[in-house]
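Starting from the structure of chain H, add chain V where the hints point.
Protein chains: 2
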Amino acid sequence: VSAPRSRDGVWVVTIGDELLRGEIVDSNKSRLSERMLALDLESARHVSVPDDPASMEEVLREAAARARVVLVSGGLGPTRDDLTTEVAARTFGRKLYRDAAALEHVRAFFRRFNREMAENNAKQADFPEGAEVLPNPLGTAPGFMLEVPAGADGEITQLFFMPGVPRELHRMLDEEVMPRVAARLGKGRVVRARLLRTFGIGESNLDRILHDIAQNDADAVLGFRTQFPDNLVRVVVRAADDATANRRLDELEREIRARLGDLVLGVGERGLEEIVAELLREKKLTLAVAESLTGGLVTSRLTDVPGSSAYLLASFVTYANDAKVRELGVDPEALARHGAVSEVVARQMAEGARRRAGTDVGLATTGVAGPDGGSPEKPVGTLWLALADSAGTIAHRYQMMNERRRNKDLASQLALDWLRRRLSGMPITADTFPRLQTAPGTRA
Amino acid sequence: VSAPRSRDGVWVVTIGDELLRGEIVDSNKSRLSERMLALDLESARHVSVPDDPASMEEVLREAAARARVVLVSGGLGPTRDDLTTEVAARTFGRKLYRDAAALEHVRAFFRRFNREMAENNAKQADFPEGAEVLPNPLGTAPGFMLEVPAGADGEITQLFFMPGVPRELHRMLDEEVMPRVAARLGKGRVVRARLLRTFGIGESNLDRILHDIAQNDADAVLGFRTQFPDNLVRVVVRAADDATANRRLDELEREIRARLGDLVLGVGERGLEEIVAELLREKKLTLAVAESLTGGLVTSRLTDVPGSSAYLLASFVTYANDAKVRELGVDPEALARHGAVSEVVARQMAEGARRRAGTDVGLATTGVAGPDGGSPEKPVGTLWLALADSAGTIAHRYQMMNERRRNKDLASQLALDWLRRRLSGMPITADTFPRLQTAPGTRA
Numbered sequence: 014v015s016a017p018r019s020r021d022g023v024w025v026v027t028i029g030d031e032l033l034r035g036e037i038v039d040s041n042k043s044r045l046s047e048r049m050l051a052l053d054l055e056s057a058r059h060v061s062v063p064d065d066p067a068s069m070e071e072v073l074r075e076a077a078a079r080a081r082v083v084l085v086s087g088g089l090g091p092t093r094d095d096l097t098t099e100v101a102a103r104t105f106g107r108k109l110y111r112d113a114a115a116l117e118h119v120r121a122f123f124r125r126f127n128r129e130m131a132e133n134n135a136k137q138a139d140f141p142e143g144a145e146v147l148p149n150p151l152g153t154a155p156g157f158m159l160e161v162p163a164g165a166d167g168e169i170t171q172l173f174f175m176p177g178v179p180r181e182l183h184r185m186l187d188e189e190v191m192p193r194v195a196a197r198l199g200k201g202r203v204v205r206a207r208l209l210r211t212f213g214i215g216e217s218n219l220d221r222i223l224h225d226i227a228q229n230d231a232d233a234v235l236g237f238r239t240q241f242p243d244n245l246v247r248v249v250v251r252a253a254d255d256a257t258a259n260r261r262l263d264e265l266e267r268e269i270r271a272r273l274g275d276l277v278l279g280v281g282e283r284g285l286e287e288i289v290a291e292l293l294r295e296k297k298l299t300l301a302v303a304e305s306l307t308g309g310l311v312t313s314r315l316t317d318v319p320g321s322s323a324y325l326l327a328s329f330v331t332y333a334n335d336a337k338v339r340e341l342g343v344d345p346e347a348l349a350r351h352g353a354v355s356e357v358v359a360r361q362m363a364e365g366a367r368r369r370a371g372t373d374v375g376l377a378t379t380g381v382a383g384p385d386g387g388s389p390e391k392p393v394g395t396l397w398l399a400l401a402d403s404a405g406t407i408a409h410r411y412q413m414m415n416e417r418r419r420n421k422d423l424a425s426q427l428a429l430d431w432l433r434r435r436l437s438g439m440p441i442t443a444d445t446f447p448r449l450q451t452a453p454g455t456r457a
Numbered sequence: 014v015s016a017p018r019s020r021d022g023v024w025v026v027t028i029g030d031e032l033l034r035g036e037i038v039d040s041n042k043s044r045l046s047e048r049m050l051a052l053d054l055e056s057a058r059h060v061s062v063p064d065d066p067a068s069m070e071e072v073l074r075e076a077a078a079r080a081r082v083v084l085v086s087g088g089l090g091p092t093r094d095d096l097t098t099e100v101a102a103r104t105f106g107r108k109l110y111r112d113a114a115a116l117e118h119v120r121a122f123f124r125r126f127n128r129e130m131a132e133n134n135a136k137q138a139d140f141p142e143g144a145e146v147l148p149n150p151l152g153t154a155p156g157f158m159l160e161v162p163a164g165a166d167g168e169i170t171q172l173f174f175m176p177g178v179p180r181e182l183h184r185m186l187d188e189e190v191m192p193r194v195a196a197r198l199g200k201g202r203v204v205r206a207r208l209l210r211t212f213g214i215g216e217s218n219l220d221r222i223l224h225d226i227a228q229n230d231a232d233a234v235l236g237f238r239t240q241f242p243d244n245l246v247r248v249v250v251r252a253a254d255d256a257t258a259n260r261r262l263d264e265l266e267r268e269i270r271a272r273l274g275d276l277v278l279g280v281g282e283r284g285l286e287e288i289v290a291e292l293l294r295e296k297k298l299t300l301a302v303a304e305s306l307t308g309g310l311v312t313s314r315l316t317d318v319p320g321s322s323a324y325l326l327a328s329f330v331t332y333a334n335d336a337k338v339r340e341l342g343v344d345p346e347a348l349a350r351h352g353a354v355s356e357v358v359a360r361q362m363a364e365g366a367r368r369r370a371g372t373d374v375g376l377a378t379t380g381v382a383g384p385d386g387g388s389p390e391k392p393v394g395t396l397w398l399a400l401a402d403s404a405g406t407i408a409h410r411y412q413m414m415n416e417r418r419r420n421k422d423l424a425s426q427l428a429l430d431w432l433r434r435r436l437s438g439m440p441i442t443a444d445t446f447p448r449l450q451t452a453p454g455t456r457a
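Keeping their order, the protein sequence lines are chains H and V.
For the first sequence, the numbering used here gives the first residue as 14, with consecutive numbering after it.
For the second sequence, the numbering used here gives the first residue as 14, with consecutive numbering after it.
So that you can see chain H by itself, here it is in the shape it has in the complex (with noise of 0.2 Å):
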C-alpha cells in the first residue's frame, strides 16, 4: 500500500528527555503511526524534542502550521519537568485554567488507593483555554485536544496532547482521538491488517513461498517480521469499507494458509499459550508439565492465560534428578546410565507428570540451556521434549543455539506447538521444524 504523502496530513511529536538522551526506545511514535495507517493516513513526520519549553514550542508551532493533524504525547505528568500544557498555552496564546471536574478525577485516583493527593498533581487539571479534555480512565493525567488556526489558509489544526505512559497513550488513542482524526481526516477508506502468525519456518522462505500473493494488487501488500521463535506474515489491504478490506484480508489468509499449512499458529497477536488453552478446553483435557530446561516458563506462560486452573492442574520444575526421582518417578538407573538429558528420561518425565497429576496429558522439557553444562555429545542447546497421553508416549531431539534465554524461548515454543499439534491431529517429528537448526537473526 502506497499511502499518499501529504503536508497537510499527521505528524507525530513526543517530548522527553529522556528520548533525546537516548535512554528509552521510544515506542509511543510508532503505536501512533500504525494507528493513524489503520484510518488510511501515512503520518508525514516523527520528531521528538527535549523537555525545554524553546524546542517545545518551535516544534509545536512548526506542527500546527504543516499538520492537519498533530498527535503530541509525552510531558503532561506532575513533576516539574512535566511542562507540556504549560508551553502549548503559551505557545497559542491561551491561559491555563483549572477544570474542577479533570482535578476531581486526579483526587479520585488517589481517593481510591488512600492516598493523599500531592499539590503538585493538581496541575494534571489544568488546560489551554479552549481544550477539549480527553479522559484518562487509566492514569491521573487527562489529554486535551486544542484546535488553533493553521497559518495563511486559516485553516484549522488539531493538536492532540496524550500522555507517555504506553498503556494510558493506547487507550486514549483509541477511545478519544482515534474517532475524532476519522471525522476530521477520514477518506472513507479503511486500511485493515492482518497478523499471521507462524513457527518453524524463516523470514526468507516464507517471503520464498508467499513472494507473489497480490503481487500486482496496488491495495494490498504482504510483510515479514521476526519475533522470535515466531515469524509473522502482516497483510494490510486498503478498501472502501471494513467488509471489503475483510472479505479481501480472507481471501489473502486462505491462500497463505494453503501453502504453509500447519506451519500457521494462528491470527493476531494471540499466542500459542492461548491457542492451546482454548484446545484444552474444548476437549476438556487436563494436562500437567514437568520442566527442566524451560525451568517452569512452559507453566508460566499457560498460566498467564485466565482460566488455565481449569486444565493446567500442576506442574513439576525439577532441576535436580533428586526431584526427577522424587516428584515424577525417573528411574534413578536410567538418570544415571544416560543421563537427565536423554531420550529416556524425557519420557519418565512427562509419563511422570501425567500419572502424578493424574491428568490426560503430561509434557517434559530436559536439556541443556547453556552457557554451561555441555559437552560433545550434549552441546549446549540440546532439547529433548516428550509427550505422553492416553495414545503413547512421544519424544525428539532438537538441536537450538547458545544463548540461555532465546534457548528457553524456543524450547517453550516448542513444547507448547507439540501440545497445538497433538490436540489438533497435526503430526509431530523432529523435522517438522526444520529451520530450527539454522541461526537466529540471520536476516540483514
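Hints in this document: simulated from the structure, not taken from any laboratory.
Honestly, I wouldn't trust all of these hints.
With a straight-line cut-off of 30 Å between C-alpha atoms, the simulated DSSO-like cross-links for lysine-lysine are [unchecked claim]: (1) Lys108/V / Lys136/V; (2) Lys108/H / Lys136/H; (3) Lys391/V / Lys297/H; (4) Lys391/V / Lys391/H.
What you are looking at is a predicted structure, and each value in this text was computed from that prediction instead of being measured.
Below, chain V alone, put in the same frame as chain H:
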C-alpha cells in the same frame, strides 16, 4: 546534567516508510543519541521521514542548517526505495560517483557467500562527490560523511549517513562516527550514567526523598523512570575524565543508598533474580518454590540465571487444590475451611516445598490473579506470600491490582524481594511496601 541545548548540536534523522507507518519501533534513534551522550552531546532533535525524496530533501536541508552534526540512518540499501544517497547528493548539489574500492567491497561480500551480486547492489558503491566513505564490515552498504557549509555563518556541518540495519549501524557508529564527532564537537569532557534499581517505592516518593541531591551541581542530575514493578533512579554526571566521573557517581550512589536503604535493589540492569542467585550461592543455601498465583513465573525467572540448578532444586506449580495437598502436604481441612488463598495455606505451601525438596528455604505464593475468582473478602489482586526457613515461617497479605499479567509480575518481584531481604538480614513486614496498593502507571 542540564546539558547545553544548542541549535548547533546534534540532530538525529532516520529514514524509512516502515517508521512512519508504525510497522517497527525505531531503536536506532535511541542508540545514536545514547552514544552521543557519552561524548557529553545531547541530541537536540529526532526526526523521521518516509522514503520520499521531497521529505528527505527538506529534512536534510533543515538539519544541515540547524545542527553542526547530523546523524542519518536508513535508505542506503540496494532497493528502489533506498534513495538516501541520491537525495543527499541532489540536496547539497553534488554529483554521484561510483567508488571502485566500495564496489569491490560489495562484490566481495557476495563472493564470500557464494552468491552473484545483483546489478542493483552496485548502487551501494555510489557516493556524492566529496564524501568520505565509511566502511561497513558487516554489510554491503558503506556509509559516508559529507561536509557542507551551513548557511550564513559559513560554518561546516557534518552529515553522517549510516545503514539502518542495527548491527551495521552500531559498528559503524562506534568505529567511524564517534571518533569524528568527538574530534569536531568533543568538549574534552565525559558523561557517565549509573542506574539504581528500587522496588517498593513510587516515583513521586523517590522524587520527594531525593530531589535535593546534587540540586546545585550543574554537572549532575537525577532522573526517575518506572520499569514495572521497579522504579529506576538514573544518575548522570559530567566530568573531565572517567575517574572523576566515577568518583562522583560513587558519592551520589552512597547518598541515595543512605536515604533509600533497603529499597535499593542494586545497580544496573541486573534483575532481582540475579541478586538473589548471588546471595544463595554466597550462603550456600538451596531453595524450593511452591507457586500458585505466580504460576511458574518465580521459578522461570530464577532459572533465567546460568547455574541456577546449583541452588534451585525443585518447584511445584500447584494450581489445583489436590496438587497442593498431594505435592506439598497442605492440610485438606485447612484448605476447606480457609480456602486456597489464606495465610495457613500459604504457610503450609512454603513449609511443604521446603520439606518435600529438602531445601534450606521454601517460598510460596497464593492469591487471586484475576480477572475472575475474586470475592468481597478476597478480591482480585489478593496475594499471600510465605517464606519458610530454619528460623521459622513468615506470611503476609498484599493487595495488588486488576491485571493478571501485572499481578504475576508484581507478585514474583515481591517473592524474590522477600528472598533478598531474608538472605541479607533485612526486615520483611506487610508494610515494607506501602506503595503496592497504589496504582501503577500514574506518571505521565
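Right, here's what the structure says about each hint:
| no. | hint | in the structure |
| --- | --- | --- |
| 1 | Lys108/V / Lys136/V | holds, 14 Å |
| 2 | Lys108/H / Lys136/H | holds, 14 Å |
| 3 | Lys391/V / Lys297/H | holds, 28 Å |
| 4 | Lys391/V / Lys391/H | violated, 48 Å |
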